[in-house]
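Asker: Dock chain B against chain A, hints included.
There are 2 protein chains.
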Amino acid sequence: MTDRPVIALDVMGGDGGPAVVIAAAEVAQERYPRLFFLLFGTQEAIREQLLHNPRVAGNSIAVHSADVILGTDRPSTAVRRQRTTSMGMAIAAIKAGEAQAMVSAGNTGALMAMAKLTLRTMEGIDRPALAALLPTLMNDSVVLDLGANVECDTENLVQFAVMGAAFARTVLGVERPRVALLNIGEEELKGTEELKMAAALLRAADLPMTFTGFVEGDKIGAGDVDVIVTDGFTGNVALKTAEGTGKLVTGLLAQSFRTSWLTQLGYLLSRGALRALGRHLDPNAHNGAVFLGLNGLVVKSHGGANVRGMAHAIGVAHDLVAGDITRRIARDLDNFRTHRPVVAANDGHDASVA
Amino acid sequence: MTDRPVIALDVMGGDGGPAVVIAAAEVAQERYPRLFFLLFGTQEAIREQLLHNPRVAGNSIAVHSADVILGTDRPSTAVRRQRTTSMGMAIAAIKAGEAQAMVSAGNTGALMAMAKLTLRTMEGIDRPALAALLPTLMNDSVVLDLGANVECDTENLVQFAVMGAAFARTVLGVERPRVALLNIGEEELKGTEELKMAAALLRAADLPMTFTGFVEGDKIGAGDVDVIVTDGFTGNVALKTAEGTGKLVTGLLAQSFRTSWLTQLGYLLSRGALRALGRHLDPNAHNGAVFLGLNGLVVKSHGGANVRGMAHAIGVAHDLVAGDITRRIARDLDNFRTHRPVVAANDGHDASVA
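Those protein sequence lines, which keep their order, are chains A and B. For the first sequence, my numbering gives the first residue as 11, with consecutive numbering after it. For the second sequence, my numbering gives the first residue as 11, with consecutive numbering after it.
Everything labelled a hint here was simulated from the structure, so no lab data went into it. Check the hints yourself; a few may be wrong.
A pair holds if it fits inside one copy or across any two, identical chains being indistinguishable in the list.
Below, computed lysine to aspartate or glutamate pairings styled on DMTMM-like, alpha-carbon distance capped at 20 Å [said to hold, decoys possible]: (1) Lys257 / Asp228; (2) Lys257 / Asp292; (3) Lys105 / Asp13; (4) Lys257 / Asp234; (5) Lys105 / Asp334.
Chain A with its partners taken away, still in its complex shape (with noise of 0.2 Å):
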């Protein structure tokens, strides 16, 4: 099992429970056969699931956690429950070293108090960020930090630029990828202190990716960066504004289909592109978003996912484990620190407007 790739699950996280989380690893085991499973949760709930899903079955080994963190604990009093917990001990099974990452549908502010206290940050990193993959009309794109950190300063800016980077290297398979900070303008003078002085840094340095500079919010979805980084409130407000007009924009498309017998008749026709579209920005075929920067990987499942979503989050922990983000992350940070350019601060006029 030694040199397999190891994946620690919360069985019990997320709203469809151990039946959807053991199917995913089902789906995720036949993708990636040299996978194996330490599956965390009630020994009933997984032995009962086992049965259906022989796969996981024969390439894993089931852990009792009589405990369960619900959706509705708080942070402060989850991680006092770290040891009996199923999130708590899939994570403490990375620290010990019997897996690489794990992948939780759970309470994601439990989640990340735990992984923070039991994984610590890396070094060079003092803050960890929430990363995803976002659809766009080209590739995906990876959009950092998505929440963990309400405030951000110019060097966790520039630390989530290169662990964006290095996840769109990993994930994406772009080998350079085009790295921009989400600004309220393009141009060089607009936006707060931090975020002139990160896009500063990131201009002089030498890093493997190219930094584009400033993007707005109408280029998320446009595809023509690979990573977007920002602060964790506005990048969580971003997030959520786009999956808002998505439905927002299919809703009223409904209404409009419904307005005459025409209309109707041509959406009958038209299902099957509509239902393409639908696959296309379904967050399932997105799912799984990355606490990049603790020493150790920790995914994070939408609580609503499916069992195709649930099983993309396990192949996005495997992708991570199997290109070694961690390593690579540490690698160029430390060549940043190493080789840290020098910048003045620039002045603040004319920094307000849009």
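Answerer: Using the frame of chain A, we list chain B on its own:
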């Protein structure tokens, strides 16, 4: 002319120039026959357009301005040309009491800087905010600030809420608008200290609105609140992300319809429905962002607005003048200060994760 609503137009602003602005004034004058215009621009351009737009010709005074603010002008240099440019002179007409509002499709940064310098902020307002209407599944929502202020404190957010509610009452006709703060979670513990304090103040205050707490980005577009309040950085990113996602979805839809002859036929039959959707989402149907909090009304049109869009922006100016929004805001603010609730600062624990 004194008892008629007078709107000053920056005839030279926007991609469409005088032809679009004056044709839009013609449409607006037909819709609101009492409107009277002050037209600021080069004499030749105005004279030529008035030949084609008889209603404006009969209900306006043209004022020659030799100079124009370009899209590339920096705000700091623009303000020095306040007295000679069409934009600056139109703003000055409000200050002089000759107009109650002005509309420009020109350089946003220059407009903001000039308007602030000339009109000054209202008593009780620390910073003006840029507000606009966004389409939702139900009625439009007001969102502010959309980019006037990169960073906002608690007082700014509370003032934005008061101004946004007055805007919703005036333009949407909602007697008691539902107002919410944009955040990365709906729980009281989420977000920055500024947001938590603003929420506590708005919850305790006796204002002509229903404060509904925090909303997340995916509620932009849902239509279940009337006013969404946020800082200018986040608001700008959210607005542009919504625009970008709208383009992404409609772009993918167009790709999907091209996949087979069946879907192409479906497209032909559904064209009417798709056009209706396009009209609903068309930025021109929602054009006209307002700088609230100044001693005078300044309406910013999209630079690329067409005649319909520009006419909508002029209509927004008309409605705000007719509804006497500046006095409403002054009264609500005065009332808030007199009865300001005393609220304790929350502790900041568990505040970071989405």
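Asker: Now, for every hint given, state plainly whether the structure supports it.
Answerer: A quick look at each hint next to the structure:
When the C-alpha separation of lysine 257 and aspartate 228 is checked against a cutoff of 20 Å, the pair qualifies both within a copy, at 17 Å, and between copies, at 9 Å. Taking identical chains as interchangeable, the C-alpha atoms of lysine 257 and aspartate 292 lie at most 20 Å apart whether they share a chain (11 Å) or sit on different chains (17 Å). Taking the shortest alpha-carbon separations for lysine 105 and aspartate 13, only the intra-copy value of 17 Å comes in at or below 20 Å, while the best inter-copy value is 76 Å. Proximity of lysine 257 and aspartate 234 under a CA criterion of 20 Å is satisfied inter-copy only: 14 Å between copies versus 23 Å inside one chain copy.
Taking identical chains as interchangeable, the C-alpha atoms of lysine 105 and aspartate 334 lie at most 20 Å apart only when both belong to the same chain, with a minimum of 16 Å there against 64 Å between chains.
The structure is consistent with each of the numbered hints, conforming to all of them.
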